[in-house]
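So the sequences go chain by chain: S and C.
Here the first sequence is numbered in the working numbering, starting from 1 and rising by one per residue.
Here the second sequence is numbered in the working numbering, starting from 360 and rising by one per residue.
It is possible that part of the hints are untrue.
Said to hold, decoys possible - In silico contact screen, one side only, chain S against chain C (beta carbon under 7 Å); selected entries:
(1) 14
(2) 18
(3) 156
(4) 245
(5) 256
(6) 258
(7) 293
Unchecked claim - Okay, the calculated bits of chain S under chain C, using three or more residues with CB under 8 Å as the criterion:
(8) 207 to 214
(9) 227 to 240
(10) 247 to 253
(11) 327 to 340
Claimed, not checked - Computed list of lysine-lysine pairs in DSS-like fashion (alpha-carbon distance at most 27 Å, straight line):
(12) C:593 / S:175
(13) C:453 / S:175
(14) C:593 / C:507
(15) S:206 / C:564
(16) S:205 / C:565
(17) S:234 / C:507
(18) S:321 / S:234
(19) C:499 / S:234
(20) C:689 / S:280
(21) C:685 / C:453
To be clear, the hints were calculated from the coordinates, so they are not data collected in a lab.
It should be emphasised that the depicted structure is a prediction, and the values quoted were computed from it without experimental measurement.
All residues carry an ideal CB built from backbone N, CA and C; glycine is no exception.
There are 2 protein chains.
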Amino acid sequence: MGETVVRFGIIGAAEIARKVSRAIALAPNAIVLAIGSRSREKALKFASDNGLNPEVKIYGSYEAVLDDPEIDAVYMPLPTSLHLLWAVLAAEKKKHVLLEKPVALNVAEFDKILEACEANGVQFMDGTMWMHNPRTAMMKEFLSDANKFGQLKSVYSDFTYAFDSNFLANDIRIKPEFDGLGALGDFGWYCIRSILFAANFELPKKVIALPNPIRNECGVILSCGCSLLWDDGKIATFYCSFLSNMTTNLTAIGTNGTLHLTDFVIPYDEKEARFSTHSKSRFAHLMTGWGPIPDEHIVPTDLPQEAHMVRKFSHLVNKIKQNGTKPKKKWPIISRKTQLVLDAVKASLDQGFEVEVGE
Amino acid sequence: MGETVVRFGIIGAAEIARKVSRAIALAPNAIVLAIGSRSREKALKFASDNGLNPEVKIYGSYEAVLDDPEIDAVYMPLPTSLHLLWAVLAAEKKKHVLLEKPVALNVAEFDKILEACEANGVQFMDGTMWMHNPRTAMMKEFLSDANKFGQLKSVYSDFTYAFDSNFLANDIRIKPEFDGLGALGDFGWYCIRSILFAANFELPKKVIALPNPIRNECGVILSCGCSLLWDDGKIATFYCSFLSNMTTNLTAIGTNGTLHLTDFVIPYDEKEARFSTHSKSRFAHLMTGWGPIPDEHIVPTDLPQEAHMVRKFSHLVNKIKQNGTKPKKKWPIISRKTQLVLDAVKASLDQGFEVEVGE
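Bound conformation, chain S alone (with noise of 0.2 Å):
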């Protein structure tokens, strides 16, 4: 493509970090140049146990790698509690920045992110792979066919995984200091983004949280659900947990039209994802049936989501230090609007009522 390559740090040797690393490697434009964790112990570690490049760097520290001048980009899989620190940090350092999501606990941190960011011009992306998936954008020109698909009545989606108890004892997704946001930040980021993206990421009006969300003994939600509602008459629902079997539902439903797939955040297969549609659908003679019944899509893709993501993600990245434009803004305001409902989300389930969604 004729790009220059876009050189990553990783700051954190999360377990998602394996698979990035992974995906810088795989995108064409893109290398892992540096690993820092918190000890050089644990990034020697994390590179060798990662197959990475033996000439990766190591660094026993996060401001390491944002001081090695080489580093054009940082991939943060950090806890969610020092995303405001890290991420300012970085863009500080003008270090372009693609975040894990959820991208803060709330939106006045994100928007300290977001002004460290523009005031750097770097580049910000958050890691909601499933947006970058070739399949997405067939999915989005069904959604914004007025004759196949119509006006948005409504949206479910849901994503959960039955995590063990060694998981729900230890682990840092369900520690209020590390994420306090618990399954609504893990797996209801993603639900909510789906539904923003049903909605051509036009903001709902207010929320309504199921009431009796479930919480551990440190009160970090295990499992909620959320209604969303716009003033159109437009409404989505949403269920997040980690207690219940793994499933991750998308069902979008026009006036023309139904979107559906059951594999939204990680397709089945990583070659291929597949997504189903109907238009207009009538039942059969004497409502014995179904005619026609919903077309099946098969996507095939050439490389995995993430890295399709961290592709795009070097692509703008180039584009601003090839030709000194400014950071493209849409995938700011995505997360911005993302965590805007998750905030509200979150203050009607611990307010046991509607809430208005901010602005």
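Given the coordinates of chain S, assemble chain C onto it according to the supplied hints.
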């Protein structure tokens, strides 16, 4: 099967009666003996339009059907507001009652129907066809499996259909004097039933409707959503609408497994029905896919689900006729629970708040 044949009278010539008269003809233990409509012409037209046996008796009133001593059972595809009157009368005339859903305008009405059926020793069953599909028994087996499915945590169900402007202007299903429950009674009934089915017919404690259901100018519901809550933390959500493309999803998520199908009300094909399950699902290595992917089950259906319904009902009628036993209580109990939840949903929609489910 060595059973005698149950002789049906059909009261009313609604569209759905065409499907059920075919089902009665297909069921090995049932025949249509008479069709009664508000005029003899209508009944005649129905008989000839639907190829009924020329020996089928044609009646110009509902009463005449009920007064025919050769008739064992009546199928009643009448508007909901007429159920109380005609179902009670049928029971008093010792006719077994196969009644379309919703069974009544509210549970108080339905209790009068049940009292009449009990006092006269006749079988009651509602016309929820999918309950009798062989697929449903297989789904039940999966949901009851403590290892494969575990404990139910959440259910999502939808039933939507984009009716045309002629329907929305003229059909009795949106006229308050005929079917005052609108989309809730017609489609929500199926969603509520599917949720109760997944919950092994344990009644929820409370329901919370989504605010601002869409109503027509007479106040009849065209589109609404609601969540159902159990004391143990189980939750369910459904959405029903006359204004969106046809969609009929059911997803039940347990601690160990997930059940999913997209045609729960009427299978795509009447010769076979599908559903998918997955148990103890995990992400593949590095979360780059699923391992294993969900199982797709294909259930051959020797008879359409509505013929299974007629066969089951007729079998129960025969047991009463031949052995003098009491009517089976399972089916009226299930109908009543569905109506109880429907009543609570209606109250929550009308009042805009959470409502306790009655008893």
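Handout entry: Restraint check for residue 685 (chain C) with residue 453 (chain C), where alpha carbons must lie at most 27 Å apart
Key = 13 Å, holds
Problem - residue 256 (chain S) as an interface hint toward chain C, with CB separation required under 7 Å - result: 6 Å, holds
Exercise for the section: Could you grab the alpha-carbon distance between residue 593 (chain C) and residue 507 (chain C) and see if it respects the 27 Å cut-off? Expected result: OK: residue 593 (chain C) and residue 507 (chain C) at ~18 Å, within 27 Å.
Problem - Cβ contact check, 8 Å cutoff: the segment 327 to 340 of chain S against chain C, three residues minimum - result: violated (count 0)
Practice task
Please count how many residues of the segment 207 to 214 of chain S have a CB within 8 Å of a CB from chain C and say whether that reaches 3.
Solution key: holds (count 5)
Exercise for the section: Check whether three or more residues of the segment 247 to 253 of chain S sit with their beta carbon closer than 8 Å to a beta carbon of chain C. Expected result: Coverage by chain C holds here, the residue count being 4 at a Cβ distance below 8 Å.
Handout entry: Straight-line alpha-carbon gap residue 234 (chain S) to residue 507 (chain C), limit 27 Å
Key = 36 Å, violated
Practice task
Could you check if residue 156 (chain S) really has its C-beta closer than 7 Å to a C-beta on chain C?
Solution key: 6 Å, holds
Practice task
So, residue 18 (chain S) near chain C? Judge it on the closest CB pair being under 7 Å.
Solution key: Since chain C brings a Cβ to about 6 Å from residue 18 (chain S), closer than 7 Å, the hint holds.
Practice task
For the pair supplied as a hint, residue 689 (chain C) and residue 280 (chain S), confirm whether the alpha-carbon distance does not exceed 27 Å.
Solution key: 37 Å, violated
Problem - Straight-line alpha-carbon gap residue 593 (chain C) to residue 175 (chain S), limit 27 Å - result: Holds, because 24 Å separates the two Cα atoms, which is no more than 27 Å.
Exercise for the section: Take a quick look at whether residue 205 (chain S) and residue 565 (chain C) sit within 27 Å of each other, Cα to Cα. Expected result: Distance of about 25 Å is within 27 Å: holds.
Against the hints set out earlier in the document, violations occur for numbers 1, 11, 13, 17, 18, 19 and 20.
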